[in-house]
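The chain contents come next:
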Amino acid sequence: GAVVSQHPSWVICKSGTSVKIECRSLDFQATTMFWYRQFPKQSLMLMATSNEGSKATYEQGVEKDKFLINHASLTLSTLTVTSAHPEDSSFYICSARDGGRGYEQYFGPGTRLTVT
Amino acid sequence: AQSVTQLDSQVPVFEEAPVELRCNYSSSVSVYLFWYVQYPNQGLQLLLKYLSGSTLVKGINGFEAEFNKSQTSFHLRKPSVHISDTAEYFCAVSPNTGNQFYFGTGTSLTVIP
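Top to bottom, those sequences are chains V and L.
Our numbering applies: residue 6 is where the first sequence begins, and numbers increase by one.
Our numbering applies: residue -13 is where the second sequence begins, and numbers increase by one.
Just chain V, with the same shape it has in the complex:
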């Protein structure tokens, strides 16, 4: 149990276009989801916390107009990178917290975004 999926697993897009990444909890209801960004050989940086039915909370330095987060249901959160640029190329990982199981976060497999 406690499986989180991400789609797509990798995506290549042209500079200036927008890309949507989906994060789904497959067998539990995720009241809270988190979006992380990971640069090569570096740790995960929390970008934002997403609560179902409310606006996401962004970490300092993360542009909320560039990284649009929507958590429309208890099993789905989306991250849209708007007007992508090469510097947005990164590995994006989501995680989900099942409030009924304590404080553990369950991580998705990640999405590799390359902006050309």
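Hints listed in this document are in silico derivations from the structure and should not be mistaken for laboratory results.
Some clues are possibly wrong.
Cut-off 20 Å, straight-line C-alpha distance, at most; resulting in silico cross-link-like pairs (SDA-like, lysine to any residue) [stated by the list, open to error]:
id: 1; chain 1: L; residue 1: 35; chain 2: V; residue 2: 109
id: 2; chain 1: V; residue 1: 46; chain 2: L; residue 2: 55
id: 3; chain 1: L; residue 1: 55; chain 2: L; residue 2: -3
id: 4; chain 1: L; residue 1: 55; chain 2: L; residue 2: 42
id: 5; chain 1: L; residue 1: 44; chain 2: L; residue 2: 32
id: 6; chain 1: L; residue 1: 55; chain 2: L; residue 2: 27
id: 7; chain 1: V; residue 1: 25; chain 2: L; residue 2: 25
id: 8; chain 1: V; residue 1: 46; chain 2: L; residue 2: 42
id: 9; chain 1: V; residue 1: 46; chain 2: L; residue 2: 97
id: 10; chain 1: V; residue 1: 69; chain 2: V; residue 2: 42
id: 11; chain 1: L; residue 1: 35; chain 2: V; residue 2: 8
id: 12; chain 1: V; residue 1: 25; chain 2: L; residue 2: 28
id: 13; chain 1: V; residue 1: 46; chain 2: L; residue 2: 44
id: 14; chain 1: V; residue 1: 46; chain 2: L; residue 2: 28
id: 15; chain 1: V; residue 1: 46; chain 2: L; residue 2: 35
id: 16; chain 1: V; residue 1: 25; chain 2: V; residue 2: 7
id: 17; chain 1: V; residue 1: 25; chain 2: V; residue 2: 94
id: 18; chain 1: V; residue 1: 46; chain 2: L; residue 2: -7
id: 19; chain 1: V; residue 1: 46; chain 2: L; residue 2: -3
Pairwise CB distance ranges, derived in the manner of DEER restraints [claimed, not checked]:
id: 20; chain 1: V; residue 1: 65; chain 2: L; residue 2: -7; range: 21 to 31 Å
id: 21; chain 1: L; residue 1: 1; chain 2: V; residue 2: 88; range: 43 to 53 Å
id: 22; chain 1: L; residue 1: 4; chain 2: V; residue 2: 25; range: 43 to 53 Å
id: 23; chain 1: L; residue 1: 1; chain 2: V; residue 2: 78; range: 44 to 54 Å
id: 24; chain 1: V; residue 1: 88; chain 2: L; residue 2: -5; range: 47 to 57 Å
id: 25; chain 1: L; residue 1: 99; chain 2: V; residue 2: 21; range: 17 to 27 Å
As the structure is a prediction and not an experimental result, all values here were calculated from the model.
In this text, a Cβ means the ideal position worked out from N, Cα and C, and glycines have one as well.
With chain V held as given, fit chain L onto it using these hints.
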């Protein structure tokens, strides 16, 4: 505020030798502690966690960790490593009052045949 320090960025070790990956943290509140493993181009997999109770925690793949409150440490150990243990390992803390996870910078474990 919370912070996590993983003292060793890279740890090479011979196959079947023991290994210890160090993690220290600082926090003004009580925390939960986690170790995750990440294989190339994959997400994070939970190895083990400390929430409360016994300070020695056993996880998957033969790993264990010991919570030391006085030293604010949560070092990860394995008595005999395998080639398949080669991966990136992340220590993380989460305050017991909130949702957020704070990750260390990671330790790259390389098992040498």
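Hints versus structure:
Of the supplied pair hints, the one linking residue 35(L) and residue 109(V) holds, its CA atoms being roughly 8 Å apart against a limit of 20 Å. Distance hint between residue 46(V) and residue 55(L) is unfulfilled; the C-alpha atoms sit about 29 Å from each other, more than 20 Å. Restraint check for residue 55(L) and residue -3(L): the C-alpha separation of about 24 Å exceeds 20 Å, so the hint is violated. With a CA separation close to 12 Å, the supplied pair residue 55(L) and residue 42(L) stays within the 20 Å bound.
For the proposed pair residue 44(L) and residue 32(L), the alpha carbon gap of about 12 Å is at most 20 Å, so the pair holds. Between residue 55(L) and residue 27(L) the CA atoms are separated by roughly 34 Å; this puts the pair beyond 20 Å, and the hint is violated. For the hint linking residue 25(V) to residue 25(L), the alpha-carbon distance of about 24 Å lies beyond 20 Å, and the restraint is violated. A distance of roughly 29 Å separates the Cα atoms of residue 46(V) and residue 42(L); the hinted pair therefore is violated under the 20 Å criterion.
The straight-line distance between the Cα atoms of residue 46(V) and residue 97(L) is roughly 18 Å, inside the 20 Å bound, and the hint therefore holds. A hinted pair counts as satisfied when its Cα atoms are at most 20 Å apart, and residue 69(V) with residue 42(V) qualifies at roughly 14 Å. Simply put, residue 35(L) and residue 8(V) have alpha-carbon atoms about 17 Å apart, close enough for the 20 Å limit, and the pair holds. For the hint pairing residue 25(V) with residue 28(L), the CA-to-CA distance comes to about 19 Å; that is within 20 Å, so the pair holds.
Among the hinted pairs, residue 46(V) with residue 44(L) is inconsistent with the structure: their alpha-carbon atoms are about 27 Å apart, more than 20 Å. Annotation: proposed proximity of residue 46(V) to residue 28(L) holds, straight-line Cα distance about 13 Å (limit 20 Å). With a C-alpha separation of about 23 Å, the suggested pairing of residue 46(V) with residue 35(L) is violated against the 20 Å cut-off. For the hint linking residue 25(V) to residue 7(V), the alpha-carbon distance of about 23 Å lies beyond 20 Å, and the restraint is violated.
At roughly 13 Å between alpha-carbon atoms, residue 25(V) and residue 94(V) fall within 20 Å of each other, so this suggested pair holds. Restraint check: the Cα-Cα separation between residue 46(V) and residue -7(L) comes to about 15 Å, which is no more than 20 Å; the hinted pair holds. For the suggested pair residue 46(V) and residue -3(L), the alpha carbons sit about 14 Å apart, so the restraint of at most 20 Å is met. Look at residue 65(V) against residue -7(L): about 26 Å separates their beta carbons, and that is inside 21 to 31 Å.
Range check, residue 1(L) to residue 88(V): about 48 Å between beta-carbon atoms, so the 43 to 53 Å window is met. Checking the proposed 43 to 53 Å range against residue 4(L) and residue 25(V) shows it holds: the Cβ atoms sit about 45 Å from each other. Distance hint check: the CB atoms of residue 1(L) and residue 78(V) are about 46 Å apart, consistent with the given range 44 to 54 Å. For residue 88(V) and residue -5(L), the Cβ-Cβ distance of about 34 Å falls outside the hinted range of 47 to 57 Å, so the restraint is violated.
Between residue 99(L) and residue 21(V), the C-beta spacing of about 47 Å breaks the proposed range 17 to 27 Å.
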